[in-house]
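J.: Chain residues, written in single-letter form:
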Amino acid sequence: MMQNRNNNSLSQGIDWLIVWLYAILVCIGILCIFMVEYRPGIDVFQSFIGGKTNYSKQLIFEGVCIVAATFILLADSKLFTALANLMYAFGILLMLSTFVLGKNINGSKSWIPLGGGFNLQPAEMCKMFAALALAKYLAMQETDFRNLKSQLIAGAIALGPAVLSILQNETGLALVYFSFFIVMYREGLPPALLIIGFSFGVLVVATLLLEPNVLAVILTVIAAITIYALKKQIKRQKGILYMIVIIWTVCVGIQRFAVPYIFNNVFQCYQSTRIYSMVGKEYDCSNNKSAIKRINDKEKAAKKPDDYNVRQSKIAIGSGGLYGKGFLKGTQTRGKYVPEQHTDFIFTSLGEAFGLAGCLAFLALYLFLLFRIIRMAERQRSTFSRVYAYSVACIMFFHISVNVCMTIGLFPIIGIPLPLISYGGSSLLSFTMLLFVLLRLDADRQMVLR
Amino acid sequence: MVVLATKRQFCSSKDSYFPYLHQFNMSVINQRRSVVIQIIFGAVFFIIVAQLVHLQVFSSKYKIEAANNAIYAKRIYPDRGIIFDRKKKALLENTIMFDLVVTPSETKGTDTLALCDLLGIDTAAFRKKMVEVIIKNGRVRPSVFEPLLSAEMYAKLNENMYKFPGFVLSERSVRNYPFNAAAHVLGYIAEVDTSFLRRHKEEGYEMGDYAGMTGLERTYEKVLMGRRGVKRYIRDNRSRIQGSYENGLYDTTAIAGKNLYASLDVELQQLGEKLMTNKVGSIVAIDPKTGGILCMVSAPNYNPNSLTGNQRRKHFSEMYLDPRLPLLNRTLGTMYSPGSTFKTVVGIIGLTEGVISKSTAISCGGAFWGCGNGRPKCLDRGTFSLVNAIAHSDNTYFATVYKRTLDQDKYGSPDSSLKVFNNYASSFGLGSRLGVDIPSEKRGNLPVSSYYQKIFGKKWYSCNIISNAIGQGEVQTSLVQLANVMATIANKGWYYTPHLIDSIEGGDTYDLLKPYRQKHYTSANVADSVFEAVQDGMQAVMEYGTGAAVKIPDVVICGKTGTVENYYRGEKQKDHAFFGGFAPRNNPKIAIAVMCENAGFGAQSAAPIASLLIEKYLKDSVRGKQRQALVEEVAKRDLLPKLMRIALAKQDSIRQAKLNAELLPKNKEVADTVDTEEERPDSVIKSNVKPILPVKTSIPDSSKPNKPVKGAAVLPSKEKKTVIKKQNKV
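Here the protein sequences come in this chain order: A and B. Residues in the first sequence are numbered from 1 upward in steps of one, following my numbering. Residues in the second sequence are numbered from 1001 upward in steps of one, following my numbering.
To be clear, the hints were calculated from the coordinates, so they are not data collected in a lab. One or more of the hints may lead you astray.
[What the hints assert, rightly or not] Listed below are several chain A residues computed to face chain B (Cβ distance under 7 Å; list not exhaustive):
id, residue
1, P40
2, I42
3, Q332
4, G335
5, K336
6, F362
7, I374
Source: prediction; values computed, not measured. For each residue, glycine too, the CB sits at the ideal point set by N, CA and C.
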């Protein structure tokens, strides 16, 4: 793929292992799309070069990506530090432009039509820009990440595109930006934040699973036990008691008011239903503000979406068994039972065709790539490169885990693609650029970039 | 440093020439955080793998659900076996009929109006049917819109199919009966219902399948149906077929049903059915040497072709409601008192037991006075030897024989004597099911002493049951049993169980024919000379006795007529006519039993039918103008029992009344002055029914269930309110 052009500055210091992993994953991706679209009796070669089928289009995208990757590798690493903020601004501008130029695809107005049937999703590209901007900010000499102000600025850089994504109705992509918190954790964000975040997640899930009153009682009991256990410290220091009471109040407030409010008023009906269905419950759309609004607007009545996608996705993966049904032999794949199988649910075709063995090998490949990137991050001399590398690892990790979890029913369905595998030019290009910018930076790892 | 050492394992050797440059910027805490991040990554992947193991290895339900989703197992129905008669003529065949099949989701652009026009329905009915189809089978799956189109309809539709996207004509194999004969014997096939599925759980039927319901179709279902094949297809999320599953690796091929070869002679059967026109009764003819049934007629019969095709339901309900019960197989599904034909058995037992000899002569002065009450009466006075007693069907003679048999001192009591008598009788196949290869055979009845003890007390004696001597008492036989008795007498002491199927193509895999290969012998005590004596008598019947009118010059026929008194709800009905016999005497080739319900003397109505059939079978045709005229004459005789006539007329008048009721509002609209009462006579005449018998109070109240007592006229068990078109056969 990367031809050796006897140009030492190009190939020197390049981590070829990552390039190979990238190549393998892209090939797997195209084969997976081929599996999904395959119909017996077609001329395989013809349809691969024809440009009509999705796998053929993906091949074209990959060609574009190779060109982009080559340019990136040819570029100077200093370019990325120099242009980081500019690109971030450009990305934000692009996202804003969707509100004017946007094309409505699957209910979200986040695409810019490029002509010829191709569309660009700026939110995909913005991940890299945000990563670069974050790296740039954290690498600045005047930034002291220990103080709150820098942490807030870093958070704002990370979450800026997320807010725009939510406004575009792309909640899934917005969530990706939260993965920057792992990067910030690595750079010195207090671990308490992660713990609080995690606790909040547990509390939300518990709210969904348990009756409000039962959960309130449980929380009260936990608070009481804590107070009893810490009574000696409390005698010495009254503050701890206040602390516990405040935490208890916040928790009860969240489970009693905040969560129902978010589900009824912030989320769309289908989003709430998806989250509820993941924990095996039914969401009553008649409480949902947007659903009520829609009915009032005399639009079509809120149709009750069921968990068809997850069910079919689980059936497809579950029926794969230990060793799978074999390449192109997946009945669920051929029967098009899983919706959006070539994009967000691409993992199902793999799970059905190659079974647990195939899935494990595939996930091992991913995990190897992630660990390799972290290892790469840790060997950087400059903070900029390290932060950027961690950003790449975390973005990819978030994509992989959320995407796979959603196909196997561990996460509500949010439309985010599987990196390098899912069909889609924007996604492929953004991940290619993410990786190759990293490779470029890594090649210059002795350099100190700011 | 420990952390770094472990991390080194991830690195390829290539990296090792960059010594730890990264140590510069890093605090130890942050290095630890790198490990934490890796642990988080690993943990999440571990959770994913755990769920994958759960889904793919430990949950079997997903495999089943996947198969339910995507694999469509289509049943391939093999052709049913064909049934041939003894001359290898097909009694039934398979033909192709066409269903109009619709896929509702693809009907866009169909010329509904033209289709309705062709089908002869209006658009409202069309829409209603469409909705039914969608409810039943969904929008995307093809379902039958109009089943079993007539040939004419098929031709009309086929020309215009291009106008009706979403509609196709699909083939279906149905039965066809080229001879229109032997409906009762062959039986019919029908769609299985839930109760059938419950009864035949293990046999792999499913809703929509067709299975033999009666007759040979039922008995030989296993053989005739063949083995169904399964073809597996992959279907997509909208149930559209995507191609074969695994290239047909798991498919099984359908194996056609095996053909059956029957002993039936279809020409004889047709002649029998012709002769039984407008009569109620039955004929069974058996080849005594093999037990193969040559003809089996139950009248009134029906055209088996009327139970195929799209009018099946209508025809079936018509027949179901017909008071003559055309669906009943009277050859083995009803029991009658055998009447005088039973005297042959009484004679044989008497001779064997030694209570009479061939030369014993008994005189009759008009009645049997052995029991002191002058019963039964006899028709001609005089003194009779055995031969003449049989020839003239002398009641006194056989009453005496029966009384003597039961009164034998050596058995001590009439109880044990009757037991001995029954042992003889049952060795002729009486009193229990023979095991004919058609379902719903009746057992017949040989009354036992315990039964009489209940009626007459412990001390009953022969005179109590003397009517049995002349086949009028509690003794009951089916017509097949009677024919079998004739075959046994012809064979002088043995018989094969009567059966219809001689052989099965490709061998008798299920041992269905095994019972018919076994010879049954009568009680060993019965000597050949006894049979000779009775045969002498039966020959005399045809030569100068009761059957002399229908003898065939060049065939020695042995026969016995019977005229059976019968009652319906205590009311005496016209006698049943019986005839049993076989021919030729020395080399018996056909044993026959004929009965006509409420037709009078056996010699008059039953004997000619038997005679004609014997001639047809032995000589291949009915010879001579006189005999052929007899065929026509017999066929024209209308011997329909009176009660059935009344029931038919009543059914018809109800129908007429309903029709009038329907006309009533119309008439009023047209002209208020028309008295609708006056319309009645007109419409009765129009209805093509001779109002022979006015509806009187004496009509049996058919709304109550009734039992056919002693083979009395069988009427429908329930009066249906439904008004149906009646066949104009009366």
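J.: Hint by hint, note whether the structure agrees.
T.: Structure-based check of all given hints:
The restraint placing A:P40 at the interface with chain B holds, with a minimum CB-CB distance near 5 Å, inside the 7 Å limit. Nearest Cβ of chain B to the Cβ of A:I42: about 12 Å, over the 7 Å cut. The hint is violated. Hint on A:Q332 holds. Least Cβ distance to chain B is approximately 5 Å, under the 7 Å limit. Checking A:G335 against chain B by beta carbon gives a least distance of about 4 Å; that is within 7 Å, so the hint holds.
The criterion of a C-beta within 7 Å of any C-beta in chain B is met by A:K336, whose closest approach is roughly 5 Å, and the hint holds. For A:F362, the interface hint is violated, the least distance from its beta-carbon to any beta-carbon of chain B being 10 Å, above 7 Å. Interface restraint check for A:I374: the shortest CB-CB distance to chain B comes to about 6 Å, inside 7 Å, so the restraint holds.
Hint violations for this structure: numbers 2, 6, all remaining hints satisfied.
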